[in-house]
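My request is simple: use the sequences and hints to build the entire structure.
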Amino acid sequence: IMALSISGLPTDAFAFEGFLPQKKGRQKKLQQLVEEERTIVLYESTYRIEKLLEELNQYMPERQLVVGRELTKKFEETWRGTAKEILIDFEKKNTKGEFVVVIAPPCWKKAVSESL
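At position 114 of the sequence shown the residue is numbered 119 (our numbering), and the sequence of numbers has no breaks.
In case anyone wonders, no lab produced these hints; they're calculated from the structure.
All clues stand as given, with none of them false.
Result set (DSSO-like, lysine-lysine): computed pairs, CA atoms no more than 30 angstroms apart in a straight line: (1) Lys56 / Lys89; (2) Lys56 / Lys29; (3) Lys79 / Lys97; (4) Lys101 / Lys28; (5) Lys56 / Lys101; (6) Lys78 / Lys97; (7) Lys79 / Lys89; (8) Lys78 / Lys56; (9) Lys34 / Lys98; (10) Lys98 / Lys78; (11) Lys56 / Lys97; (12) Lys89 / Lys34.
Ranges between beta-carbon positions, derived for each pair: (13) Lys79 / Lys33: 34 to 42 angstroms; (14) Gln32 / Glu81: 29 to 37 angstroms; (15) Gln36 / Lys78: 28 to 36 angstroms; (16) Pro111 / Phe80: 31 to 39 angstroms; (17) Ala18 / Asn99: 32 to 40 angstroms; (18) Lys56 / Asp17: 27 to 35 angstroms; (19) Thr51 / Ile93: 13 to 21 angstroms; (20) Phe21 / Lys101: 17 to 25 angstroms; (21) Lys98 / Tyr48: 15 to 23 angstroms; (22) Lys97 / Ala20: 28 to 36 angstroms; (23) Phe80 / Glu42: 31 to 39 angstroms.
Glycine residues also receive a C-beta, built at the ideal position from the N, C-alpha and C atoms.
Laid out in structure tokens, this is it:
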């Protein structure tokens with residue numbers, strides 16, 4: 006909930022998915038998430054966060070993300086942008102810890118730009 010509240014993304018309806026399957030069913034689940042109309046919340050480990058971001062870049066390259074690391078702890082960090090943009094930042098850092106990934110709904114960027 007912490008990541009969702011600081012994300013700035015719609016919170017009226019969201020899908021909490023937790024950890025995605027590691028192998029069997031992972032690609033199918035990612036494909037289902039492409040169709041999800043609500044904000045999506047995922048967990049990921051330090052060992053698989055870059056793989057997840059690469060997959061999100063493949064399946065949802067235009068979607069805005071907020072990635073939180075070690076939320077509510079001393080070394081809390083957040084990143085905002087597309088999966089590709091966040092991956093570039095990750096290459097510059099040694100990112101370790103527990104991650105929460107919040108994915109904007111497909112219509113979010115359009116709705117925000119239309120209201121400006």
